[in-house]
Amino acid sequence: MDAEDRFSFVVIDEDDMISGRLEDITIDGVTEVLEKLDKLPPIVLMFTVCVHHFVGCDLDYIYRKLEERFPAVRFARCFMDCILQKKGLTPEQKLRKAMYDPVDRKPVKQGLVSLVGSDMPLDDTADLLRLATMTGGELKEIAGIKSLDEYMEIGASRTIITDYPAGVYGAEKLAERLGAGYLYLPMSFDFEEIADMWRAYLETAGAGKELKETAEEEINREIRECRDSISDLAVTLGDTPVTIDYTFHPRPLGLARILLDNGMNVETVYLDVINAEEKKDFEYLQNNYPELTLAATNKVECRVMQRNRPDILAIGQKAAWFAGTKHFVNIVQGGGLWGFDGIRKTCGLIKDAYENEKDTKELIIRKGWGCSSCI
Amino acid sequence: MHIERAFKILPVYTADVSGVCSALFELGGMVVMHDPSGCNSTYNTHDETRWYDTDSMIFISGLTENDAIMGNDDRLIKNVIDAAERLCPRFICLCGSPIPYINGTDFKAIAGIIESRTGIPSFHVDTNGTHDYVQGAGAALARIAERFVKAPDALGGASCRKDRRTLNIIGATPLDFGFENTIESLRKRTEQFGWEINSIWAMNDSLDNIIDSASADVNLVISSLGLQAAEVLEARFKMPYVAGAPIGGFAEKVYDALAQAAADRKSRIICNQPMAEGPAEVAVIREPVVGGSIARSIELKYGTRVKLINPIEKTESIMAEGDVYARGENETENALKGIRTVVADPLYRFVCPKEIQFRELPQEAFSGRSFWREMPDLFS
Numbered sequence: 015m016d017a018e019d020r021f022s023f024v025v026i027d028e029d030d031m032i033s034g035r036l037e038d039i040t041i042d043g044v045t046e047v048l049e050k051l052d053k054l055p056p057i058v059l060m061f062t063v064c065v066h067h068f069v070g071c072d073l074d075y076i077y078r079k080l081e082e083r084f085p086a087v088r089f090a091r092c093f094m095d096c097i098l099q100k101k102g103l104t105p106e107q108k109l110r111k112a113m114y115d116p117v118d119r120k121p122v123k124q125g126l127v128s129l130v131g132s133d134m135p136l137d138d139t140a141d142l143l144r145l146a147t148m149t150g151g152e153l154k155e156i157a158g159i160k161s162l163d164e165y166m167e168i169g170a171s172r173t174i175i176t177d178y179p180a181g182v183y184g185a186e187k188l189a190e191r192l193g194a195g196y197l198y199l200p201m202s203f204d205f206e207e208i209a210d211m212w213r214a215y216l217e218t219a220g221a222g223k224e225l226k227e228t229a230e231e232e233i234n235r236e237i238r239e240c241r242d243s244i245s246d247l248a249v250t251l252g253d254t255p256v257t258i259d260y261t262f263h264p265r266p267l268g269l270a271r272i273l274l275d276n277g278m279n280v281e282t283v284y285l286d287v288i289n290a291e292e293k294k295d296f297e298y299l300q301n302n303y304p305e306l307t308l309a310a311t312n313k314v315e316c317r318v319m320q321r322n323r324p325d326i327l328a329i330g331q332k333a334a335w336f337a338g339t340k341h342f343v344n345i346v347q348g349g350g351l352w353g354f355d356g357i358r359k360t361c362g363l364i365k366d367a368y369e370n371e372k373d374t375k376e377l378i379i380r381k382g383w384g385c386s387s388c389i
Numbered sequence: 056m057h058i059e060r061a062f063k064i065l066p067v068y069t070a071d072v073s074g075v076c077s078a079l080f081e082l083g084g085m086v087v088m089h090d091p092s093g094c095n096s097t098y099n100t101h102d103e104t105r106w107y108d109t110d111s112m113i114f115i116s117g118l119t120e121n122d123a124i125m126g127n128d129d130r131l132i133k134n135v136i137d138a139a140e141r142l143c144p145r146f147i148c149l150c151g152s153p154i155p156y157i158n159g160t161d162f163k164a165i166a167g168i169i170e171s172r173t174g175i176p177s178f179h180v181d182t183n184g185t186h187d188y189v190q191g192a193g194a195a196l197a198r199i200a201e202r203f204v205k206a207p208d209a210l211g212g213a214s215c216r217k218d219r220r221t222l223n224i225i226g227a228t229p230l231d232f233g234f235e236n237t238i239e240s241l242r243k244r245t246e247q248f249g250w251e252i253n254s255i256w257a258m259n260d261s262l263d264n265i266i267d268s269a270s271a272d273v274n275l276v277i278s279s280l281g282l283q284a285a286e287v288l289e290a291r292f293k294m295p296y297v298a299g300a301p302i303g304g305f306a307e308k309v310y311d312a313l314a315q316a317a318a319d320r321k322s323r324i325i326c327n328q329p330m331a332e333g334p335a336e337v338a339v340i341r342e343p344v345v346g347g348s349i350a351r352s353i354e355l356k357y358g359t360r361v362k363l364i365n366p367i368e369k370t371e372s373i374m375a376e377g378d379v380y381a382r383g384e385n386e387t388e389n390a391l392k393g394i395r396t397v398v399a400d401p402l403y404r405f406v407c408p409k410e411i412q413f414r415e416l417p418q419e420a421f422s423g424r425s426f427w428r429e430m431p432d433l434f435s
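Sequence lines, in order, name chains E and G. Going by the working numbering, the first sequence wraps up at 389, each residue one higher than the last. Going by the working numbering, the second sequence wraps up at 435, each residue one higher than the last.
In case anyone wonders, no lab produced these hints; they're calculated from the structure. Just so you know, not all the hints are guaranteed correct.
As the list claims (entries may be wrong) - Derived DEER-like restraints, expressed as beta-carbon distance ranges:
1) E82/E x G159/G: 34 to 40 Å
2) V25/E x I124/G: 22 to 28 Å
3) K160/E x T100/G: 22 to 28 Å
4) K53/E x G377/G: 34 to 40 Å
5) R172/G x K50/E: 34 to 40 Å
6) C316/E x R428/G: 24 to 30 Å
7) E415/G x V25/E: 21 to 27 Å
8) K369/G x K160/E: 44 to 50 Å
We put the CB at the ideal spot given by N, CA and C, even for glycine.
Next comes chain G alone, as it looks inside the complex (with noise of 0.2 Å):
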């Protein structure tokens, strides 16, 4: 039997729920887990750089094992209400785990009934511990970007800012940008490249900020877990994206991109795009769209073709041709095959053969906090 489940060295990417809390972390809102917390505790010691200094409202509901035999959902709608009604958060988010999995806990309707009850907004994200935090956060912020953005016209007429070129920026989260400046550095950058910053999906900006979204001219997704809600933002109130971070050289190819988007109302997804032919000597392994950028900036720079090896689920189509999805350590060691140079997180070390050239680029959601020292500026 062959499976793929062994891994000897590599740890998992941080998982589906704690990519909700990350994702949410400085919005305002609750966010419950509803776990047993044990596993998920994971989520404060490795996952989450924030909590010592920035207060948030993420809690583990403390399942127990006579409650989840008993369907005894009462116990978590009762202390969620009334955690709500101490703290009084501007939305309350619940989201599962293995065993609520197993059980079929109703989230949805917990949620419409804690909403009710509390007349606080109230939604579920659909996490069982098992998916990557792509997954997670990416369809927390979805859930915003559905339940709270407002429409250009609600706001009073986005029309009076048409003198300026406005974006959101969407998919910020330490998992993907754990140096502590990283986003302001990149508002820099953003701001140095003319275009005025609406709202920062979800790092260093408030709620209210990204109510406003649908004000921008234009979204700029910065990692793969931004897309669902660009998808969203899209359908609702047709707002092009960009996906694509602005790293290195391929900045420029960025903004240039967004400017076309924001004029010709499409969407692009430029992170797949090589930018030089020929065989890979050089793979990254990282998310597509971190990923992706940091291939097109080597390759701007050296003008050689970068093989991007993604390690994330189900974000195959915003692959180029050429790159290989690769889930454990035998597939990564099969992409590596060939591959002379590569940029990965340090654990990574561990899997490629001696003789290739390794250049370390720690992740919070691969490596936690273990190389948070090293942890690089993309922005800078």
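This is chain E alone, in the form it adopts within the complex (with noise of 0.2 Å):
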């Protein structure tokens, strides 16, 4: 985002975290923060951390407070509370909700339906956006939007969707309070769920039965399409040995799946928990693929494995690093790619990861670098 000058802290110390006075601290510390600024922000995301959860602080009093002070203000109640990570919403869940709960109810404007929940902005051609113009509304995505402005008239949505596991709790929780309709659409590789989200769409678009029919021969199409797609991807491929991490799509799982079963040699998943909504592709792969390895990446011998597997086609980052590869597919969080597009898309990139190598560690490392993106 290359947004560091709007990146502030309050400092706490020692005896603050044993003070019991972290409230006013917190307080005080926002409050310099903000009179040393030329103009307050309309939105200010505050996050508190392990420490003021730890402690017992009273953070309704901070919410308060800070409100009374500042009126214009809008304080969004963020969280890296890391010390909760086992149980419960993750950070990243209540990070995703307080970044929409400053967005009103307002008006509702038919035919707009807002995208929530992913980090990465539609690709081009994928099946949503094709589906929205199909139905003659307009989606608005929350990751391509440019101004507060913009942002707020999600309030006017008729309908949430999310596509990313992370995104559900908050855009649940924005759906109710707008009294939108909700979906939650995720990146899929299974042609029958991407179907029934197809249908899905349609019928809370209010699609007619017209409409629908011709859908339908859409959608087998792109199914004729995917085969194509993936049959052109496995004979480039051949025997080459496959990695898969979980960084690169939220359905690792699901990826493997559709590759084996069209004779591409995955042998390795990185991942460090099953994903609920893949139990069923984990099962299906235990059962006809007892060969293929689910790696756990926190396990420590994984900081220091060898990395000298250069013949490997990795697909998502942690897969490349630990294979020592440059052919590796530069993608997180699915990048965007959705639908029966999404997999074409998939494929496409992983032919051109096999034909074409990449700086990997200049890709990998690039987190940090001027802050402007981890891809």
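With the hints as a guide, bring the two chains together.
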């Protein structure tokens, strides 16, 4: 984002942690930061941390006082409280909800559908964009919004959609608060699931019978084209060993399944948990491809393992680093590839990675350089 | 209420925990940050540049709320021992974060238990995430000096090496010396001045060489984070040290001081000895050994006094008269009054008046990798 100038800190020291005054210190610190600014921002994303939680800080008091001091400012309740990581909502889930909280309910704009949850904007040819065009609606993507006014227009949405698991909680709460419809349309590699999501979208958009029939024909064509892309990829890859990691896509097992079912040689999937949405894929792979390795990335050995498999085609940054390969697909969080088009684009990217080398080191360690992007 | 806790635009310096990890990264030990794993992931994403190419056993314990509240240290002990048995590190270092600080985790005892069960030297570096990298890295290197460096007698007689002038360089981490080839440039420069390098604490060198440090004639402290270790070595082996980085024209002064220290066995802090007089119109913002050495090199070149603005806590004793300790934006802005040219990390530009001439000098401990491509070789 290159938004370093909008990033401030309140620094706490040892005494602050145990003095019982962390509320006042936080309030005064945020106050001082805001008073130093040339202009008050309309919204402040305020992150409290583990210490606030652990010492039992009265967060309601903190926010109430800040709202009293700065009535023109909206304070979003954001968290970096990883000490709670083993249970309940993750900071990622809570952050998304906090970011949507400032969106006020507005008169509904017919045809307006907002896509929230993912950090990545949809690819230009993603099915969802085509579905929006097909149904005559407007699809507003939160990841592509450029101004606060535009952001606040989400409040007029007739339907809220999310395509990313970490966005589900925030999207549900947003839809509930706005009184809008809600759809979870995850990025998937399963033809039937995608087809069902097309149908759900059309239904929610109020599509008529004729449009639905046209869409069914379209779905069949899309599936045929996907099969062609996958077959073509299988011919290209041959026996090339493939590894996949969970940062590439929230459905790494789904991707492994479709590749394996089409004869490709997936050796390993790196992931630290099995996403509940992938339970069926996990069981299918367990039964049909018992030789497939599922490897946790957080095992201590991963830090010192041999990274000498340049022959591997890696899908995802972690998989590429573990293999030490220059042939990899450089995408995180699904990269905005959605639906049938997403499957075909994924095949294209894998093929490109097979045929062309990348500067893996240059690309993987980019996070933090100029704060622009991790890819 | 006045608080200098509010940082509108400036970041804070790399924290003590990351300092420990950075200092010990290349020594073959296992470092465990006892932390939930969130805030301290910044070590990997911003403070450490070596992880891609270099294996190192730096881990986070993944502390949970239940374990913290219930005082369940057993999980930490078990996980560390389990990891150590699989990875066979040369040593185990534990360091804490804010939550263990609040609940008073007894790291010394835990390290003792781990050492007794594994037989691997284990120690604790006192950190809690609220201090800066110099404190953490300095204490970590001091533990190495205390526990690992052997007496010259135990090394089979260092006297046979008296025909050469040897030194240890102490205080090298990417946090101060981020440019990839900086340490190799320092090695070359040091050799050009007729010195043989015995060990470099702790980049581009091994724990084995560091263990052998007491056989050198003298220690060269090139960053504030090397001072504690140098003092330990002085106390243990009567090894003198010189604090000053051989930067620019100041290099000659540093190597002269090393020769004198080797001869009279007296330590010297020379980075705080001004080379020019008069009011300072130029300022350097940096920790005091590197920053002071840059200031001296500018003084030697231009004949004008240079003021150090020191942002690092507990290092005031190595500042020159007229230098200023400034932590935070208000204090830095005040310290810059009357200054016409400033040499500092690019992010300091945000708190500099527009009329000040700004000379960019990125530092990884301040701006992470944001300006990595512009990182200078301080010893070229």
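Q. Checking against the hints above, which ones are violated?
A. As far as the earlier hints go, only 5 is violated by this structure.
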